Amino acid sequence: MELNNLTAHELIQKINNKETTPQDIVASLHKRIKEKDAQVKAYVRSDELIDPTHIAGIPVSIKDNICTDGYNTECCSKVLEGFKPPYNATVIEKIKAAGHSFLGLKLNMDEFAFGSSTENSHFGPTHNPWNLNCVPGGSSGGSAASVAADEAIWALGSDTGGSIRQPASFCGIVGLKPTYGRVSRFGLIAFASSLDQIGPLTKDVRDAALLTNIISGHDANDSTSINCAIPDFTKSLINDVHSLKIGIPKEYFVEGLDPEVKKVAEESIEKLKNLGAQFKEVSLPHTEYAVPVYYIIATAEASSNLARFDGVQYGFRADSSNLIEMYKKTRAQGFGEEVKRRILLGTFALSHGYYDAYYLKALKVRTLIKQDFDNVFKDFDCIITPTSPTAAFEIGEKTDDPLKMYLSDIYTISANLAGIPAISLPCGFTKKGLPVGLQVLGKHLDEEMLFRVAYTYEQNTEWHKMKPKL
Amino acid sequence: MSIDKQIVEHVAHLARIELGELELSRLSKQLEHILGFIDKLSSLDIEKTHPTSHILPINNVLREDTPKVSIPVEKALLNAPSKKNNFFVVPKIIE
Chain H
17 MELNNLTAHE
27 LIQKINNKET
37 TPQDIVASLH
47 KRIKEKDAQV
57 KAYVRSDELI
67 DPTHIAGIPV
77 SIKDNICTDG
87 YNTECCSKVL
97 EGFKPPYNAT
107 VIEKIKAAGH
117 SFLGLKLNMD
127 EFAFGSSTEN
137 SHFGPTHNPW
147 NLNCVPGGSS
157 GGSAASVAAD
167 EAIWALGSDT
177 GGSIRQPASF
187 CGIVGLKPTY
197 GRVSRFGLIA
207 FASSLDQIGP
217 LTKDVRDAAL
227 LTNIISGHDA
237 NDSTSINCAI
247 PDFTKSLIND
257 VHSLKIGIPK
267 EYFVEGLDPE
277 VKKVAEESIE
287 KLKNLGAQFK
297 EVSLPHTEYA
307 VPVYYIIATA
317 EASSNLARFD
327 GVQYGFRADS
337 SNLIEMYKKT
347 RAQGFGEEVK
357 RRILLGTFAL
367 SHGYYDAYYL
377 KALKVRTLIK
387 QDFDNVFKDF
397 DCIITPTSPT
407 AAFEIGEKTD
417 DPLKMYLSDI
427 YTISANLAGI
437 PAISLPCGFT
447 KKGLPVGLQV
457 LGKHLDEEML
467 FRVAYTYEQN
477 TEWHKMKPKL
Chain V
819 MSIDKQIVEH
829 VAHLARIELG
839 ELELSRLSKQ
849 LEHILGFIDK
859 LSSLDIEKTH
869 PTSHILPINN
879 VLREDTPKVS
889 IPVEKALLNA
899 PSKKNNFFVV
909 PKIIE
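Sequence order for the protein chains is H and V. So the first sequence is residues 17 to 486, counted in the numbering used here. So the second sequence is residues 819 to 913, counted in the numbering used here.
These aren't lab readings, by the way, just hints derived from the structure by calculation. If you're wondering where the values come from, they're calculated on a predicted model, not measured in any experiment. Glycine included, each C-beta is placed from N, C-alpha and C at the ideal position. Each hint should be verified, as a subset may be incorrect.
Below, a list of computed lysine-lysine pairs in the BS3-like style, where the Cα atoms sit at most 25 Å apart [unchecked claim]: (1) K858/V x K356/H; (2) K858/V x K386/H; (3) K485/H x K447/H; (4) K866/V x K394/H; (5) K414/H x K866/V.
These stretches of chain V come out as covered by chain H in the derived footprint (C-beta under 8 Å, 3 or more residues) [what the hints assert, rightly or not]: (6) 831–845; (7) 848–856; (8) 868–875; (9) 892–900; (10) 905–913.
Taking CB as the label site, the calculated pair distances span [as the list claims (entries may be wrong)]: (11) V891/V x G98/H: 50 to 60 Å; (12) K823/V x A245/H: 33 to 43 Å; (13) F855/V x E282/H: 22 to 32 Å; (14) H868/V x G369/H: 16 to 26 Å.
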């Protein structure tokens, strides 16, 4: 067995037993990336893999929107061409403090995390390791594909509306969006500040718990990070769901859900039922409003956050002798089409005359969506749904219709709006051999419940052991 | 909600993005389509609902005003497209 095929916890064991070294692990990743990444295209640019003097522990692969001191961080956008952050994101400092290292080579993503397929990257699309004609999902498509292809041991992504969970689902791996505020956003290049959260993409649930342990915690540099005790999440890896109360929202099992995905999800629910969990249908009545609310709030916040890319302090600048024209040309040439679309939508929703009708209204409906979850969680320990209504779609299939693309996040967006944690784990395959993901949503700050349910399901199935043939 | 080119042109100016003629008409159509979908929010009665701009009950997080070491000027200017004497250089704004 090659080292790069193993999980982080297996490798930690091997290092402790003196059977391998961090140097060997990096060498094995390097070899795999050289052999396979020309097809998968999970990584971007050709930076140095890792500073040889900094190799330690189990290297973490990093999405291109998380700042790494001295290593290019461009959000896969032309507007940030050549940007080398002068500091590390807090999660990077925490990885180093825990005795691990990170790869200087960064992972592909939709430009500024705007997308559900990684097709919006300035560097071109990443390919799904299970079928190279399909998308890996997005926006953390490079993170998910690298882990699935054994080109990474474990990876970090970011999730604003499903950007960790949906690609994890499409690539057959585990992905967690922690509770909003659980992980510091300092050094994560902002998309929508009230929704963004960094989280792990891993080969199994134990690795997700380990990496969540490392990156969680209060940070004075992020005023929205929560100051509370962090449990040891590996203690939640309990193979027992007996008498847990799990809700199945009826609004998620409706038209638009692919029949094969539905069947796989229902079989997984049956499995958990046989293991002792109690299931009951519940209602999240405002589910159908989640996508429209999201595309107002997320674009409004993005339009404000992306105002900083004006060609003055970093990245690309278009030549002009006039300042306003320099801004306009820099942004016209530096941003891709989806970024422009979202900035315009967000600017419109915040502009004079439309603020009350769009932005304020969306904030109010966000309250209703949050209340839906509060009501269900009074009586239930967690909620289970499919992660995405379909398995991975083909490259190019949805690029002409932005709205169709937005609807592929329909099951993941609500967790961001409500700020609750949610995990996606592999739960089966379609007839064409594409992975399907199961989503578990939990109460505010109750990642422990998610790890317990996910771990139990994983220990009693074999899906997480399946590898794509590359 | 009907979106004409004039509205998109105005919004693009607010967002400081230059748009070509083709881009303008394509984006106008797409934005109208997306806003048409978003209009389903109008069917809800939310007169008395409180807006949620932020999910956590955290407000006005302040810190002690104590000096700390910050990033040195040379490092902060490392990524500048144009710089001179410890400043960012931009096109002239006063004639």
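How the hints compare with the structure:
no.: 1; hint: K858/V x K356/H; verdict: holds, 24 Å
no.: 2; hint: K858/V x K386/H; verdict: holds, 18 Å
no.: 3; hint: K485/H x K447/H; verdict: holds, 16 Å
no.: 4; hint: K866/V x K394/H; verdict: holds, 23 Å
no.: 5; hint: K414/H x K866/V; verdict: violated, 38 Å
no.: 6; hint: 831–845; verdict: holds (count 8)
no.: 7; hint: 848–856; verdict: holds (count 7)
no.: 8; hint: 868–875; verdict: holds (count 7)
no.: 9; hint: 892–900; verdict: holds (count 7)
no.: 10; hint: 905–913; verdict: holds (count 5)
no.: 11; hint: V891/V x G98/H: 50 to 60 Å; verdict: violated, 19 Å
no.: 12; hint: K823/V x A245/H: 33 to 43 Å; verdict: violated, 55 Å
no.: 13; hint: F855/V x E282/H: 22 to 32 Å; verdict: holds, 29 Å
no.: 14; hint: H868/V x G369/H: 16 to 26 Å; verdict: holds, 23 Å
Violated hints, in rising order: 5, 11, 12; the structure is consistent with all others.
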